[in-house]
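Each chain sits in its own coordinate frame; assemble them with the hints.
Each chain, written out:
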Amino acid sequence: MASLFGIDEKKLLRKRRAAETRFRLCAIAALVLAGAFLVFFLFDITMKGYPAFQQAELLVSVNYTTEAHDNPYAAMDPDTVQIVSRSFTRLIPSMMAENSRLIGTTKEMWVLASADTDQYLKGNANRLKPRHQALVDTMRQEGKARLAFNWGFFEAGDSKLPELAGIRAAAIGSLYVLLITLAISFPVGVMCAVYLEEFAPDNRLTQIIEVNINNLAAIPSILYGLLGLAIFINFMGVPRSSALVGGLTLSLMTLPAIIISTRAAIRSIPPSIREAALALGATPLQVVWHHVLPLSLPGVLTGTIIGLARAMGETAPLLIVGMMAYIPEAPENFNSAATVLPAQIFTWASDSQRAFSERTAAGIMVLLVLLLGMNATAIWLRNKYERKW
Amino acid sequence: MTMGSALQMALMAILPLSVLAYMAARRRAGADNARGTEFHSPLVYYGWYSCLWVALPSMGLFVLAGLLHLLRIATVPGPVLAGGAVALAAFGLVWSQRAIGRDFRAIHSVEGAVRWALIGASCISILITIGIVVSVVFEAMQFFRLVNLWDFLTGTKWSPETAFLISTGRADGNVATPEFGSLPLFAGTFYITAVAMLVAVPMGLFAAVYMAEYASQRVRRIAKPALEILAGIPTVVYGFFAAITVSPLIVHLAESMGLEAEYTNALAPGLVMGVMIIPLVSSLSDDVINAVPQAMREGSYALGATTSETIRKVVLPAALPGVVSAVLLAVSRAVGETMIVVMAAGLMPNLTWNPLKSMTTVTVSIVDSLTGDQAFDSPQTLSAFGLGLVLLVLTLVLNVVSLVVIRKFREQYE
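Line order of the protein sequences matches chains P and H.
Using the numbering used here, you'd call the opening residue of the first sequence number 1 and step up by one each time.
Using the numbering used here, you'd call the opening residue of the second sequence number 1001 and step up by one each time.
For reference, chain H alone in the conformation it holds in the complex (with noise of 0.2 Å):
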């Protein structure tokens, strides 16, 4: 019996318990109550004082015994398990009857109960955050054990896909050894990321502008809708418009002026991001341009100023640590971005200036090595992993900073 099904065993007997015994404890307490017994608490707050005798403890055992089990220290057998939480279930019923009497403040002991269900609830989110970086750490430590850190983060040939081939001992002689310098993949991503700012950077600070200082709510109340809808767009869906339909676009164009691009060019990709990315930069700037305060931009009117001589002197100015963070969170989204650099962005690893030839990612080839044919402890697989941690520290470096930054503009202003 594995431990889900003792769970599900177990939680058809656990379930009627924990009803039965909210209903024992009420129909006590009622009873006492209608004998003339002033109960200082609400009566229902019996009932589900006995409900949580019965649930919580029984719960708790598969929780230790799921933990002893993944931690390898034991392994508690299903039927022992099943057995235990029930026995637990029922002595939890009776326990909770004894102290089901006029005194007994209930609503105190329910109250603090789920005040510590929400404090765990509130844990969880450390715990994601454990649980990332301790499963990329972890696995990149493999990697690096294999794979000289200096040489991963300077090397320039990116060619892993030889080692999965000598780990399973399928390699013969003459197989290339694998290489492992993530440097083209770094100069790719940062190089399709920067493409993507050109676009996304201008447009979205424009339209911000234009939304926060000269639309009339009519327009505002069209436009922002209207964005949303970028940003809500699935990226696997804009990975396939840069595939299909932009690539042969720039391929064409660049043909009719006399240069040659491949059709996983690293434009393509680059300007389909920039448009996802503008309704982020956008709201995001309409926010700290809203809260640059009314008086300033009464002062400069009042000198003078046109609206355009206003918003480049005075109210952009004001607004730039915002700005500056709102642009830092959009590099961060970009440089994490996955699906449209697989569907257009090609997997070949290249030093190069041109925007109209191929180029690779970190996140492409985190999913290419994670695809598809795959033995856990080979260096291609944990490649991955490697590459993850290095993403991962660059997007908290970019968020920590973006976050330090609108922090002091908020303290400024508001």
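Just chain P, same shape as in the assembly (with noise of 0.2 Å):
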């Protein structure tokens, strides 16, 4: 075909299917490269963290002699005292002196290896001496050293000896903190949606408050840090470090998110039903109370799990207020220290030892495995539950 205004048509239309071909790769590109990121991140965390859900220990045979009793490190034979957990050895008086029976006897046991065995016989970098090394080989041989499942990870809280630290007392905190935020930010949320959904006339103070609202929803995190650092602690005297602080900030902080979602779970429900309401005599808070709120439920509680389970994995307002420190034992009160998950995690992640390394992605696939159920479940009732009008 000749060829119109001097132009050739077939090799303009190749042109432009090239375009629309590489265009389309690079759209997919974009979705595969993000979905390759998050697996490859998932895999490398795996990676990382799951040795430390196993834990070395070594068969030793303990002297509880009258010398032990003063001088723990007499109980074993000098070599192996070097490779089981000092964590074991300080206790050997106590023991002694809980149960008189114990003196005088040898006992065969399993005990806790030091982290330093626990690398070596995971086959990672250790500052165990060559002769200590050789020792840990031959119990190997002998049936003596065995990798066996990490409880104490999940009974222990945080220690500075990595084999002896856990996740108990962070995890506890975590909970505590959580239901601080809760009590604070779902009322609240829910009647000011309520409010602004059904009540509010359109007036100054709504949009003020509107408009509010989605400013702090985009505040940046750390703000509502130095908000409680400010106003919580220094201004109303509330204990530095408490769970009862970190409560109260990561609640301000989740409030926006759960007005936004609760509204919309609101705006979904037909003007009619209302009106049905209404007409049979209904005052408005009836129509809220019996209407309103039991149909938009599902979505009120989708968006409150959401918020709950980014408020559990938001570390930096909670670094402000003094949830960082080295805390072992859980909370006992809402007023005394506490740690969360990943405040812990952000601690054991920066100490160099290698032993914390590998628990830090062990508290991380903790911390994703409860947040990802978390969000599976909102997911889960807004399917099951939720109505199309």
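It should be emphasised that the hints constitute simulated quantities derived from the structure, not laboratory data.
Treat the hints with care, since some could be wrong.
[Unchecked claim] Derived list of chain H stretches under chain P, where covered just means 3 residues or more per stretch with a C-beta under 8 Å from a C-beta of chain P:
| # | stretch |
| --- | --- |
| 1 | 1129-1140 |
| 2 | 1181-1190 |
| 3 | 1309-1318 |
| 4 | 1358-1367 |
Note that beta-carbon positions come from the ideal geometry of N, C-alpha and C, so glycine has one too.
Okay, here's the thing in structure tokens:
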């Protein structure tokens, strides 16, 4: 075909189709790259973290001699002492004090290995001397060294000894903080959303509140930490590092998210429901309490759970209000010093020991499982109970 | 007796009293009702009315006393407070019983009270904003009394470490004077933000285009939650990943190309932050792309344009305000992001264009000066609030501009 206007249409068409393919490939590549990052990330964390769910134990013979009562390091032969966790050795005198029948006996028992022994058995870099490495090797051949499931990780609090450090204190701290966050942000958020959607006249105040909430949702979380420090700690005298101040700070941060999702849930309920109730003589509050809230509950709960999951993973404001200190014990009440899972992860991550880095990744795995579980629950709730009108 | 324990003791009396009030009023109305009196409101509302009379004034007393104490005007002794509150509750119980009668419209009173409670809850959001602004501005003002605002904004040297020693009087003669030039911090912040945007904007936009224009329902059902997972990963986890995995990778890569990279370089936190922000960009852009009327696409197809030409020449220009607003929100998120940079970007204020060098950001120095050793009136601690103020203003401006832009867009097409 002769070319119109002196353009080769076939060539032009080929060019345009090639551009189309290129564009499409770019778009797919973006998604694939994001997915690949996610897979690589999860794989990397899992590879780093799963060894921490196993912990080295050694079968050693302990001599409960009277000498060991004064110097626990004499209870085992000098080389064994070096590969056993100090946490066990330190406890020998008190064990003997508690149970006097132990004195003078020798017992073979499985005890916690030191972090370096643990790393050596897992084939990682460690600071074990060659002599001790050889000892661990022989013990392994004799079946006297094993990797057992690391229950201690879930039962212990933080510790300076990596082999002893666990996430229990942080998990309980997280629970305390979340309870306070939920107790404050859920009722206040729902009330605010109900007012804005069902009652608020369209005036200046309402507009200010609306713009405000949108702004609050986008304020960096660290500024909520500054608020917590200046207002809650310095002005109101709430104890620093306590679950109370952490919970208060996070509840302010979570509030806008809950308000926004609750408003969306309330808005999706058709006006005919309200009008029917009003026509039957219900007061505005009865309409809300008997119809609007029950019907929007799935949406409200979904939003709340997602908001709480975000609060649970938040670290920056909590660092500012002092929840990153070394806190080995689980908090006793809302006023005692506490730490939370992400803050614990941060503290471990800044420790250079290899065994801690393994535990950091393991802590991350636990945190991610919890958060994914919460988000999955939220999505399940939404899919199961949400009605399309 | 502290205020907290006074509150606990008073609550132990007030809670049973309010239950008692509810039951008494409800029973009284019920008894009259049984004798044939027709009440205006459903009977439970008389109970609630009485209950509110017990609980609200006594709790109000505590709020008032708390405010007086916090503003350092007066401190009411705990026993007096607890006693007063219980007395007020008992008075409310007796007083409210008087009002219960045939013509009393309890439902209106209760609804009025609840409505005020709802208004109060809504105003909390304003209180939070005021709280943030006040807490940041007051401390920042103290800081700017010590440090010249102009020096702060234009100085190129940030070394606040010695301020702590000087303010506690532990400095001997040869301690260097602290310097608060925040330019390197902002340079670092914007550099890392720019790296993050280079990742997040193209990838987020392409992902949104694919999901809105190309993807089948099935792909979308898998890809959307996957992106949401990226958004749900805590920042401390991203920080660990950037510091432990991405940073060494970059160092090795740089070495193999004959470059020298520091372990706390600006590239690692920037890249990881970019990935973190992809879902934000993609979900916001997805929304605006879907809001572009179908008729515009069909018009373009009718003229013979291919899908990609339609997207590039019709859909994206139409959605541009929305995309711009999404990018602004993403920038505001990146500027305020803390944990990733704290863990991976290092502490060295450094004015450089080299992404392989260590840099620090505004958020890092806020965290750095507020954790560990601190005296609250030391300029180093206060500097955190000065930086916080600038950060607050910056993010507020970005958010407001983004809101205005997206509103214009919505007015145009919806």
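Hints that the structure is at odds with (numbers, increasing):
Per hint list: single violation, 2.
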